[in-house]
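2 protein chains.
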Amino acid sequence: MHTKAATITEKICPLEFAVNAISGKWKIPIVWQINEGKKRPSELLRGIGKVDRRVLNQQLKELEEAGILSKEIFKELPPRVEYTLTPLGQQLVAVLWQLNDWGKILLDKQDVVAG
Amino acid sequence: MHTKAATITEKICPLEFAVNAISGKWKIPIVWQINEGKKRPSELLRGIGKVDRRVLNQQLKELEEAGILSKEIFKELPPRVEYTLTPLGQQLVAVLWQLNDWGKILLDKQDVVAG
Chain S
0 MHTKAATITE
10 KICPLEFAVN
20 AISGKWKIPI
30 VWQINEGKKR
40 PSELLRGIGK
50 VDRRVLNQQL
60 KELEEAGILS
70 KEIFKELPPR
80 VEYTLTPLGQ
90 QLVAVLWQLN
100 DWGKILLDKQ
110 DVVAG
Chain R
0 MHTKAATITE
10 KICPLEFAVN
20 AISGKWKIPI
30 VWQINEGKKR
40 PSELLRGIGK
50 VDRRVLNQQL
60 KELEEAGILS
70 KEIFKELPPR
80 VEYTLTPLGQ
90 QLVAVLWQLN
100 DWGKILLDKQ
110 DVVAG
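Note that the protein sequences, when read in sequence, are chains S and R.
Position 46 of the first sequence, counted from 1, bears residue number 45 in numbering that gives the first Met the number 0, the numbering being contiguous throughout.
Position 14 of the second sequence, counted from 1, bears residue number 13 in numbering that gives the first Met the number 0, the numbering being contiguous throughout.
Since the hints were made in silico from the structure, they are not lab data.
Keep in mind that the hints are not guaranteed to be accurate.
Pairs involving identical chains hold if they fit within one copy or between any two copies, as the list cannot separate such chains.
To be verified - List of simulated lysine to aspartate or glutamate pairs, DMTMM-like, C-alpha gap at most 25 Å:
1) Lys74 x Glu61
2) Lys37 x Glu15
3) Lys26 x Glu63
4) Lys60 x Asp110
Pulled out of the complex, with its shape left as it was, chain S reads as follows (with noise of 0.2 Å):
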């Protein structure tokens, strides 16, 4: 049965919850990029490629509301912004890291079945 305490609980289930905030186009390689020390908006147009500015602005605005960037505008002509990952944000590639790796047993193993 579903009781309405039981639907909230769901909702806001933290796997649920931390899949959402990083399943946004892009968010997972522009965490990546700034984990690997980029930080203007320019280098992560540069290093993602296929992403447009538009775009890529709207989820680095998603991602600094999520507490997962930092962003900080350097008063100079013309503005420099940079962004960085927050603690929580540190935490999120650790958590990828862990990802990656299984993404690489996975890969292996449709390379085994392809093969």
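Given the coordinates of chain S, assemble chain R onto it according to the supplied hints.
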């Protein structure tokens, strides 16, 4: 510059591959429910709630093809089908627990922001 080799390397990035394998609708809830001991499609239908039978079957098929689930058909009347996690699926569950823990931190943080 984007060389062909670089493009291929990006394309088979293990992390991206992992995310693609689990980002289908309901795939994470399905893996989660099977981890909790549910085995039959009818149990999964009751456990997940909003998913319909056709979508569930498609997702189960894809998870089986990826080597995450194993399917067993019991030749009874009516025929009985059961799904279990493969070792690869169990390794995925371990990573999902990490992501769940990260989701808890994220949730706490959002509560603070909202409160």
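Comparing the hints with the structure gives:
1. Lys74 x Glu61: Answer is within: at 23 Å inside a copy they meet the 25 Å cutoff, but 51 Å across does not.
2. Lys37 x Glu15: Between copies only: 19 Å across chains, 28 Å inside a chain, cut-off 25 Å.
3. Lys26 x Glu63: within (11 Å within a copy, 27 Å between copies)
4. Lys60 x Asp110: Close across copies (19 Å), not inside one copy (37 Å); limit 25 Å.
Checked against the numbered hints given earlier, the structure satisfies every one of them.
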